[in-house]
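Student: Sequence:
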Amino acid sequence: MPSVDIHLEEALSDYNRKVSELERTGPLSELLSAYLNRGSVLMLMESYVSAITDMDAAVEIIEEMEAAGNEVEPGIYVKVFENRGQLLFTSDPEGMADDYRMIIPRLDDLDGTTRHYNPDDVATMCLNCAEDLIDTGFEDEALPFLEKAIFLLRGDDDPWCLNRLTEAHNLKAKVLEDAGDKESAERHYGIAIEIGSGLYETGDLEDIMELAMSYVCRGDILEETGRIDEFVSDHVAAAEILDVLFDRNELDDIELLVSIHQGIASALMKEGRMKEAEKHLLAAMRMGVDGIEDTMISLGINPQ
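Under the numbering used here, think of the first position of the sequence shown as 4, with each following residue one higher.
It should be emphasised that the hints constitute simulated quantities derived from the structure, not laboratory data.
Here are the simulated SDA-like cross-link-like pairs (lysine to any residue), alpha carbons at most 20 Å apart as the crow flies: (1) K21 to V62; (2) K282 to E258; (3) K278 to I231; (4) K282 to I231; (5) K185 to E226; (6) K282 to F249; (7) K273 to L285; (8) K185 to F141.
Keep in mind the model is a prediction, meaning the values are calculated, not measured.
Could you build all of it, start to finish, from the sequences and the hints given here?
Tutor: Encoded structure:
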């Protein structure tokens, strides 16, 4: 058995003893921690049904303590609802969203000194919750988490923080764009591009696709608002990044790159900039797209 599995088995055995003892003797605050800790171990062991049972028990204790006027330590409170929300992500997205909503009033209490959360942990939790909410259609609920993450991460020059900040601004831009606030979305995509470009230049950008999609999404907004030159500029920047990945055989979504080149070419042709359009049609053809060669010939462009 791998050493990690042995460690988890030993931890589970210890928490089983603690839970059994504290169920008899209390106090509730310690039993709450024991359920949380055992449930966390069960999550790592992928025993999800048992983990949910422990998180349900922890929530019941929180409700009992609060009803009696007893304060629950903020980090423990948040961790319980974060964990149960994660466990409900697939089976009960609405239940997940309900649990994440319980965290929102406590976000300001997470100052980096609480149980379970240093400042980086808080930022990570906020980004994870926001992504889960966006992925399950609860975009509006994601904003408080993203605002907390941005507040914690801004002003820090550490590459890890800057990568998370890029991610946070991209997610906030997506939420705002979906809500119809294109102007604010454009601004946040712009911030993500500024930070991500700096990381790209120094070789510290963790996910190159993050930067490419910032350009694509901002470019789409620019196109919708009639700023074609700026749209072309952003999509060219995205294409240049993705071309590098394509040349390295590291691009998973070749169709995305082809679509970007085709979109640029289409915009340029509408403005009569055929020579520039030709370059992007040739790039798309280089990737083996059917029909591109015929399109070029019909436009009087030599595909050779």
